Amino acid sequence: MSDYAPLLDALTRLRGIRGAMVVTLGDGLPVAESLMGGVKGTALAAMAATLASRSADLAARGGLGAPRFLHLQSSDGSLLVAPAAPDLVLVAIAGRDVPLGLLRLEMLRMAERMG
Amino acid sequence: MTEDIRALSAQYAADPSSLIFLRLAEALRLRGQTDAASKVAVQGLTRYPHLPDAHDLYARILADQQDYANAFDEWDTVLRLVPQHIGAHKGIGFLYYRAGDPDRALYHLRVAAELDPTDSGLRLAVERVAGGGEIWDVPMPGAPPERVARTAPISEGSDPFAGLDGARDRLLLVDAGGLRLGGGLVTPSGRDVSDDASAVLAGTTFEAGRAARMLELGEWTHLTIEGAELSACVLKPTSDTSLLAAMDAGLPAGQLAFLAERAAKTARAWLERVR
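Chains as they are written, first to last, in our numbering: chain B, 26 to 140; chain H, 175 to 449.
Among these hints, one or two may not hold up.
Here are the in silico distance ranges between beta carbons for each label pair [to be verified]:
#	chain 1	residue 1	chain 2	residue 2	range
1	B	D112	H	L255	20 to 30 angstroms
2	H	L193	B	D112	26 to 36 angstroms
3	H	E308	B	T49	31 to 41 angstroms
4	B	A91	H	L298	46 to 56 angstroms
5	B	A30	H	A184	35 to 45 angstroms
To be clear, the hints were calculated from the coordinates, so they are not data collected in a lab.
What you are looking at is a predicted structure, and each value in this text was computed from that prediction instead of being measured.
Cβ coordinates follow ideal geometry from the N, Cα and C atoms, glycine included.
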């Protein structure tokens with residue numbers, strides 16, 4: 026848990042980020058988390074892992090190549106997922122009006138360090 | 175007879191992680207309180223995303239709310255988890271019958287009836303759809319290809335993306351069952367992967383919608399997948415279709431989203447014309 030804690034804390038210091046987690050891709054289990062109050066960690070982990078698995082399947086079948094980053098945009102916020110170490114994904118949940126470009130770059134950089 | 179909702183609510187409040195949510199949501203559904211039932215079911219699914227009976231319950235609530243497209247997706251999820259789930263076969267059979275597809279309806283209802291031969295109501299439903307009791311003398315046919323992607327005939331001039339860049343190789347439109355309605359997808363190396371991608375595209379949009387719902391993110395608008403070769407933007411032009419727009423990797427995400435939105439608008443207009 027402590028290995029990833031500084032990375033997650035750095036991520037959640039960005040404006041508008043409600044939480045960040047490291048999650049196993051296969052079964053959606055939380056490995057490390059830094060969440061604001063009200064964010065349900067188990068649900069975030071399960072949903073992010075399921076969506077990442079489905080997206081990886083689509084990427085494989087659709088010839089997109091290995092997924093590097095996922096972004097689910099919704100009316101009230103975003104879910105962002107970056108595949109990191111084998112069978113791990115870095116996950117962030119953000120509110121509206123968040124600088125997504127900066128967040129994406131940070132997550133890609135962190136995912137690379139985790140790998 | 176419905177269970178005592180007050181008692182079930184108290185048990186659920188005392189132990190929110192228990193499976194009591196299944197009984198509470200079902201009791202609320204039977205009372206016609208489908209909004210409350212839906213809330214409880216979604217909370218339960220958040221904790222138990224791989225529990226078939228929770229998906230079956232949520233599907234029945236959605237069907238009661240006449241949200242048939244999402245009910246179908248939920249029952250489809252159940253059958254992926256448990257291919258012999260009686261409730262899911264009954265539910266999908268009902269939806270196919272309602273949609274005017276008696277062959278697929280009959281298949282699913284017969285599967286359910288054979289899994290539960292004691293259900294006389296189900297046997298009656300099979301005979302009603304089949305047009306008589308002789309159906310039991312006919313051998314059970316194989317499963318119709320409902321989840322296998324196939325290409326719908328697209329006549330010249332009826333392409334949903336006519337006039338758009340990438341109409342045949344970077345834009346793909348499918349229905350809720352994975353049936354390709356138009357467009358195509360070709361990899362940078364020239365391989366046509368339209369049918370492979372179609373088979374999983376609707377499932378991906380379903381998961382996107384479910385994630386947004388469960389995480390209380392509001393209505394989802396699009397899902398961007400950045401791949402090593404191509405980036406794709408996935409969205410739903412209508413409640414029962416899914417669209418994928420692809421571009422070379424490395425191009426700005428905003429440009430991809432713009433392309434996808436424009437394609438969705440064109441697809442919506444096409445669907446209105448052909449339906």
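Here's how the hints hold up against the structure:
1. D112(B) with L255(H): 20 to 30 angstroms: 21 angstroms, holds
2. L193(H) with D112(B): 26 to 36 angstroms: For D112(B) against L193(H), whose Cβ atoms are near 29 angstroms apart, the range 26 to 36 angstroms holds.
3. E308(H) with T49(B): 31 to 41 angstroms: 53 angstroms, violated
4. A91(B) with L298(H): 46 to 56 angstroms: Between A91(B) and L298(H), where Cβ atoms are some 52 angstroms apart, the hint holds.
5. A30(B) with A184(H): 35 to 45 angstroms: 38 angstroms, holds
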